[in-house]
Structures are given as structure tokens and as C-alpha cells.
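K.L.:
With mature numbering (1 follows the signal peptide of the UniProt record, and there is no 0) as the guide, the letters of the sequence shown map in order to residues -33 to -1, 1 to 352.
For the record, the hints were derived by calculation from the structure and aren't laboratory data.
Take these hints with a grain of salt, some might be off.
[Claimed, not checked] Dumping the calculated DSBU-like pairs for lysine-lysine here, alpha-carbon to alpha-carbon at most 30 Å:
#, residue 1, residue 2
1, Lys277, Lys237
2, Lys277, Lys312
3, Lys132, Lys46
4, Lys331, Lys234
5, Lys138, Lys87
6, Lys312, Lys237
7, Lys237, Lys140
8, Lys234, Lys312
9, Lys331, Lys312
10, Lys339, Lys132
11, Lys145, Lys87
12, Lys234, Lys339
13, Lys128, Lys138
14, Lys46, Lys277
15, Lys145, Lys128
16, Lys331, Lys11
17, Lys234, Lys11
18, Lys339, Lys312
19, Lys244, Lys140
20, Lys244, Lys234
21, Lys312, Lys338
22, Lys11, Lys46
23, Lys339, Lys244
24, Lys128, Lys140
25, Lys11, Lys138
26, Lys331, Lys244
27, Lys234, Lys145
28, Lys132, Lys145
29, Lys46, Lys234
30, Lys234, Lys138
31, Lys132, Lys237
32, Lys244, Lys145
[Said to hold, decoys possible] If you anchor each label on the Cβ, the simulated ranges turn out as follows:
#, residue 1, residue 2, range
33, Asp131, Thr193, 14 to 24 Å
34, Lys132, Met306, 17 to 27 Å
35, Gly50, Gly279, 42 to 52 Å
From a predicted model like this one, the values you see are computed outputs, not experimental measurements.
Ideal Cβ positions, reconstructed from N, Cα and C, are used throughout, including at glycine.
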Amino acid sequence: MAKAKNNSRSCSCALFFGFIVVVVSLSSSFVRGDGEVDGVDLTKGASFIFGDSLVDAGNNNYLPTLSRANIKPNGIDFKATGGTPTGRYTNGRTIGDIIGEELGQPDYAVPFLAPNSTGKAVLYGVNYASGGGGVLNATGRIFVNRLSMDIQVDYFNITRKQIDKLLGASKAKDYLGKKSIFSVTIGANDFLNNYMLPVLSIGARISETPDAFIDDMISHLRNQLTRLYQLDARKFVIGNVGPIGCIPYQKTINQLDQDQCVDLPNKLAKQYNNRLKGLLTELNQNLPGSTFVYANVYDLVMELITNYNKYGFTTASRACCGNGGQFAGIIPCGPTSSMCDDRSKHVFWDPYHPSEAANLLLAKQLLDGEKKYVSPMNLRQLRDL
């Protein structure tokens, strides 16, 4: 296992781990016999994705923000655009893209802020995720602009009304509820770009205890998930926060060895994850007809980092694209960055985010994995409920 050090500094860029919310929906009872509505094949499903830079597909392209990924070589392996950057913070597909494909989604969810996220396009799905976003509204102020989880849910409410107009209220409710998966991974920014950057976020954070801060996060997330439930979401998979003390940025600025991680961020993540699990139990009991699945992202990623050779990687410490320090972990990926020879051999694409190769392995575990990683069922089982 990775060794720990107690010194820590905060990350000022979009992060490897967070929460996302993905809605994958299938419909049959309210469409024509051939499963189409105005040429849109609803039987294949749609994704409505909420989260941070882990799944941002380009919303930040439309914001005046310091957190963007719409520059080369980001997206170099994204086949849908022939390698043109889209705003995804990786070399290829995000974990949300991969899960959508595996569950039968015919197209990638369009970013909400993109001009084409209207009309029939919303029936294939919408992406609300934003690099730098968090559970708390104050999170990510260092980036100037980003979409918090509250704002993302507000935007989904707009889409929800559009779907009502397209399908009718009853059919829209059926479309979103009966065969839908809401997959959530957000929260790392709340620690690395809020709690650990108190002066840039909220002055009161300076004296706030971890318990109090996590209480605030859980309270906000409870309200956000309940709002989605009230908008007819029923099937959820919620990812916990991963080992954020092990990203190349943290290892570089703290001058660690490749088998070491920064202690404080990981401790905060584990403390939050314990509370999150309890929250999901509570929501399962209190929201009739809902199913909340817990995705153990922390252990999944720690397994990948610790035993990277077993999974075909040559490093879990050095960023493939980046500059600065022994792990290329200080300056984000851009045109002047150093680039690794084989992107498929790196767990991390840049100082903060996983490569497509890592995303593929993580997605497979969420789709088909054991209960120690996704419980009480995996995503395919949740879809088929």
C-alpha cells in the first residue's frame, strides 16, 4: 500500500475525483411501436450527467473560467472528434462517456451550456458537469467561474420541463424514472479547492473542524439528491471521494516518493466517505421507490494506484501530460507540456485526472464489479431492476 506523509498542500486545478450524476434512461411504454419519438430512439437510453472535471464534456468552454480543457493535447484520443479537444479533462473518454456507451446510449450527452442542447437533443441526454464544481457553492472560487451542484440541479430542472413538452408529463416521468440511473461522483473539489483553501473560499473555514465541514457537505448533498428525486429520479449510484492525496499534483508539491501519498486529503476523503454511506442508507429508507447504490471509488482507485503493474500500467505517479517536478505534476496539460510516449501506460493523464485507459478499468468495475466496489449491486444490475 502507499505510504503516507502528514504534510499537505491544496490543488488549484480541476481534480481527479469528485461526484458525478449520470441518468441513463430507457423507454418503451410511451413511444411508437418502433421505439422512436420524432426520429429519436428512446429504447437506447439517455444520460444526464452531473459533476466536476471528471465528467465535464465542455460546459466550462462556455464560462469565463480559469478551469478549461479545450486546448490540445487534451482529447487527443477522443475518436468522436478525431482528436480535437472538447473540454474533457483527459486524453479520450470520461468515465461517464464509457458507462453511457456500455449501457446502450447511442450518443454522448450534450453539454447544457452548448448551443445545441435544445429540442430533441435533450432526449439523448444532457451533461451539466463543470470543472471546479463541488457540493458546496463556495467550492472552486479559485477558478472564478464554475457550476456548483446546486446550479447543475437547477439546470436539470430546465431540461426536465423541456422533456415534459416533448413527451407529455406522464410519459416524461416514466422516461426518467422507470429505467433511469443517476450516477453521482462529486466532492473532491470541496476539500482541495475549498476546505484546504479557506482564504479563497470562506474565511470561516479557517477555524471550522473537518466534522463541521463534512456535516455541511452531507446536508447540501442530501438536499440536492432529494431535489433530483422530486424531479423523478429513482435509480442512483453515488461514488465516494477517491484517494485525492495520491494525485501527481499532491505528490509533486509535497516532494514525495512514487509510493507515497499525502495523508490529510486522504483522511478527509475517508471521513466523508463514511458519512456518505450513512446518507445513502437514510435516503433509501426515506424516499419511496428509490434505489441508492454506493460506488467505492476510493478503494477502486487505490487498488489501481498500488498495483498498477498488474493492470498493464508503467506508472501511477507521473502525469502523461504536464510539467514541473519529478512527476510532471504542477502545470496543467497544454500545448507546451511534456508528453509521455504511451498514454495507455499511465494511470494519470495530467496532474489531476485519469487517462482513458484508467477510466476504462474504473468503469468496468462500476458496471460489472463485486460488492466490495459497488453495492448492493452493479450498474448493469441497477439498470435491469
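K.L.:
Next step is simple, just say for each hint if it's right about the structure.
P.N.:
Status of the hints after comparison with the structure:
1. Lys277 to Lys237: Distance of about 25 Å is within 30 Å: holds.
2. Lys277 to Lys312: holds, 11 Å
3. Lys132 to Lys46: Violated: Lys132 and Lys46 sit about 33 Å apart, past 30 Å.
4. Lys331 to Lys234: holds, 26 Å
5. Lys138 to Lys87: At roughly 15 Å apart (the allowed maximum being 30 Å), Lys87 and Lys138 satisfy the hint.
6. Lys312 to Lys237: Given that 30 Å is the threshold and the Cα spacing comes to 28 Å, the pair holds.
7. Lys237 to Lys140: The given pair, whose Cα atoms are some 36 Å apart, is violated under the 30 Å limit.
8. Lys234 to Lys312: holds, 28 Å
9. Lys331 to Lys312: holds, 17 Å
10. Lys339 to Lys132: violated, 41 Å
11. Lys145 to Lys87: This hinted pair holds, its Cα atoms lying about 20 Å apart.
12. Lys234 to Lys339: Within the cut-off at roughly 20 Å; holds.
13. Lys128 to Lys138: holds, 12 Å
14. Lys46 to Lys277: Roughly 27 Å separates the two Cα atoms, so the pair holds.
15. Lys145 to Lys128: This hinted pair holds, its Cα atoms lying about 18 Å apart.
16. Lys331 to Lys11: With Cα atoms ~19 Å apart, Lys331 and Lys11 stay inside 30 Å; holds.
17. Lys234 to Lys11: violated, 40 Å
18. Lys339 to Lys312: holds, 26 Å
19. Lys244 to Lys140: Holds, because 28 Å separates the two Cα atoms, which is no more than 30 Å.
20. Lys244 to Lys234: holds, 16 Å
21. Lys312 to Lys338: holds, 27 Å
22. Lys11 to Lys46: holds, 21 Å
23. Lys339 to Lys244: At roughly 13 Å apart (the allowed maximum being 30 Å), Lys244 and Lys339 satisfy the hint.
24. Lys128 to Lys140: holds, 11 Å
25. Lys11 to Lys138: holds, 16 Å
26. Lys331 to Lys244: Given that 30 Å is the threshold and the Cα spacing comes to 22 Å, the pair holds.
27. Lys234 to Lys145: violated, 37 Å
28. Lys132 to Lys145: holds, 19 Å
29. Lys46 to Lys234: Violated, because 38 Å separates the two Cα atoms, which is more than 30 Å.
30. Lys234 to Lys138: It is violated: about 45 Å lies between the C-alpha atoms, which goes past 30 Å.
31. Lys132 to Lys237: Outside the cut-off at roughly 43 Å; violated.
32. Lys244 to Lys145: holds, 24 Å
33. Asp131 to Thr193: 14 to 24 Å: holds, 20 Å
34. Lys132 to Met306: 17 to 27 Å: For Lys132 and Met306 the Cβ distance comes to about 46 Å; the hint is violated.
35. Gly50 to Gly279: 42 to 52 Å: Violated, at about 22 Å.
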